[in-house]
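So for the sequence shown, our numbering puts the first residue at 975; every next one is plus one.
FYI, nobody ran anything at the bench for these hints, they're computed from the structure.
There may be inaccurate statements among the hints.
[To be verified] Label pairs and their in silico Cβ distance ranges:
no.: 1; residue 1: Asn-1087; residue 2: Tyr-990; range: 33 to 39 Å
no.: 2; residue 1: Thr-1034; residue 2: Val-1141; range: 31 to 37 Å
no.: 3; residue 1: Asn-1099; residue 2: Gln-1035; range: 24 to 30 Å
no.: 4; residue 1: Asp-1076; residue 2: Asp-1053; range: 17 to 23 Å
no.: 5; residue 1: Asp-1045; residue 2: Asp-1080; range: 27 to 33 Å
Glycine included, C-beta positions come from ideal geometry on N, C-alpha and C.
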Amino acid sequence: EFTGTSAAEVSPTTEYAGVSASDFSSPVFTFSTNTNNLQTADGLGLADGSGNDMAGAVTTQQYFTFTITADSGYAFDLDNLTFDIGRGLRGAKDYAVRSSVDSYVDNIVFADNAIDQTPEGQDINLYDSAYNGLTSIGFRIYLDDRRNNSASASETFIDNVVLNGTVSA
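Can you make the complete structure from the sequences, with help from the hints?
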């Protein structure tokens, strides 16, 4: 749960032995955390990309981000990233997840028209050799609204972010 009060970043609620997580943050979003989920500020108009490539969101840095770092002498293998995502009446409808494995160049997943007004769970598969034996990784969850670039009631919210994997010495 995102229960912090900062408008710029929110600390993780659970970290497991052998790893640490950075605060959840964004270069452009202001967070509303009083509802126990992470929301972009009401009234934030999102960039309109011209196609299904997240170009508008990438250019304007419209993402949530966090980093996982292994303690000295540890490494981790990742299985999946899960989270709940939803939107206000005119919030983002598309999202993409990218990672630092390839310097945030390619989408791990692009979810076109996937964000509904009722929050839904997402499960991003990370069963790939690129996500094994890591000592650090960053994730970005980009938001894009190609259909309605309105600043009115444009909240998008995320909750219950979980990165699953195995930590070993």
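A quick look at each hint next to the structure:
1. Asn-1087 / Tyr-990: 33 to 39 Å: holds (34 Å)
2. Thr-1034 / Val-1141: 31 to 37 Å: Holds - the Cβ-Cβ distance for Thr-1034 and Val-1141, about 35 Å, lies within 31 to 37 Å.
3. Asn-1099 / Gln-1035: 24 to 30 Å: Given a distance of about 25 Å, which is inside 24 to 30 Å, the answer is holds.
4. Asp-1076 / Asp-1053: 17 to 23 Å: This hint holds: roughly 19 Å between Cβ atoms.
5. Asp-1045 / Asp-1080: 27 to 33 Å: Taking Cβ atoms as reference, Asp-1045 and Asp-1080 lie about 28 Å apart, which means the hint holds.
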